Amino acid sequence: MFRISSLELALTCGLIVLVFFVPVLISRWYAQINKRLNRIEKKIDKQKE
270 MFRISSLELA LTCGLIVLVF FVPVLISRWY AQINKRLNRI EKKIDKQKE
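If you want the working numbering, it's the position in the sequence shown, counting the first as 1, plus 269.
If you're looking for bench data, these hints aren't it; they were derived computationally from the structure.
Remember, predicted model here, so these are calculated numbers, not experimental data.
Accuracy of the hints is not assured; some may be wrong.
Stated by the list, open to error - Simulated restraints, written as ranges between beta carbons of each label pair:
| no. | residue 1 | residue 2 | range |
| --- | --- | --- | --- |
| 1 | V293 | R272 | 45 to 55 Å |
| 2 | I302 | L280 | 30 to 40 Å |
| 3 | N303 | G283 | 22 to 32 Å |
| 4 | R272 | I309 | 51 to 61 Å |
| 5 | E277 | R297 | 27 to 37 Å |
| 6 | I285 | K317 | 29 to 39 Å |
All C-beta atoms in this analysis are idealised placements derived from N, C-alpha and C, irrespective of residue type, glycine included.
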């Protein structure tokens with residue numbers, strides 16, 4: 270049987286969390302920034318008219 274230490278288990282779980290959740294968080298953050306930029310562009314276009 271393998272003897273897995275708690276440190277190895279924590280590192281493995283941490284890596285899995287990083288691989289799956291970090292891209293999701295980055296994509297959500299990018300989408301929020303994109304929405305804000307679109308709103309600002311619309312306001313600027315309205316002011317120019």
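Does the structure break any of the earlier hints, and which numbers would those be? Result: hints 1, 6 break, sorted rising.
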